[in-house]
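Please work from the sequences and hints to get the whole structure.
Here the sequence shown stands for residues 1 to 172, numbered as in my numbering.
A hint or two may mislead.
Subject to a maximum C-alpha distance of 30 Å in a straight line, what follows is the list of computed BS3-like cross-link-like pairs (lysine-lysine) [unchecked claim]:
hint, residue 1, residue 2
1, Lys100, Lys62
2, Lys95, Lys129
3, Lys169, Lys158
4, Lys95, Lys62
5, Lys62, Lys169
6, Lys70, Lys170
7, Lys158, Lys26
8, Lys170, Lys26
9, Lys90, Lys169
10, Lys117, Lys100
11, Lys117, Lys90
12, Lys117, Lys62
13, Lys70, Lys26
14, Lys95, Lys26
15, Lys129, Lys117
16, Lys26, Lys129
17, Lys62, Lys162
18, Lys90, Lys100
19, Lys117, Lys162
20, Lys26, Lys169
21, Lys170, Lys62
22, Lys129, Lys90
23, Lys70, Lys162
24, Lys90, Lys170
25, Lys129, Lys62
26, Lys170, Lys158
27, Lys129, Lys70
Simulated restraints, written as ranges between beta carbons of each label pair [what the hints assert, rightly or not]:
hint, residue 1, residue 2, range
28, Val154, Glu91, 32 to 38 Å
29, Ser128, Asn56, 45 to 51 Å
30, Ile58, Glu91, 41 to 47 Å
31, Ala46, Lys169, 19 to 25 Å
32, Glu28, Ala149, 29 to 35 Å
Derived by calculation from the structure, the hints in this document are not laboratory data. Don't be surprised by glycine CBs; every beta carbon is placed ideally from N, CA and C.
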Amino acid sequence: MGMVDLFYNNNNTSETEPTAPSTLLKPESCESSSRIRAFLRLSRIATDDTIRQHLNEIPRSKCDEYFNRKIVPQWRARSEVITFCSNYAKEIRSKVELRKAEAHNDHDLRIDPYALKNELSQLEEQTSKCTTIENWIHNESGVEAIIRAQTADVLNDKCYYKDWLAAFKKSV
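In structure tokens:
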């Protein structure tokens, strides 16, 4: 069992269908991205960074099987984590925007002159948190696109030409 395997759900019986670790699919993980980034890094090391060595060990006729059993599940798990946090950031942003629109009507400044200011300050903190999440998602999505393109190039060099990225999209 490798380091990456420690992150995955133990109740998953299918070797070709790992999902993102359920412990990472939580809002707290998106807000403090160090665990997710460690997972992404280890997953990339286990598959994409070592693909040349792995492909040297298998016959060309097994490239499709290797891609479907080893690469696709890792890409899928990484996509799942990134998508989860992307959706979480969108949810935060929409709630903040809705609340900002309603905030001015909800407070009687004659009763509590600081209520609106306090709420707008809290909303600004949430907006900042959302922006931080969106920034690391954007960065990791870019890294993921580059790594997948490089992996597809290696597969084309070592195996045969195929649109591996399209094959992944088709499998999802």
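Query - Contradicted hints - numbers only - result: When the structure is compared with the hints, numbers 1, 4, 7, 12, 19, 25 and 27 turn out to be violated.
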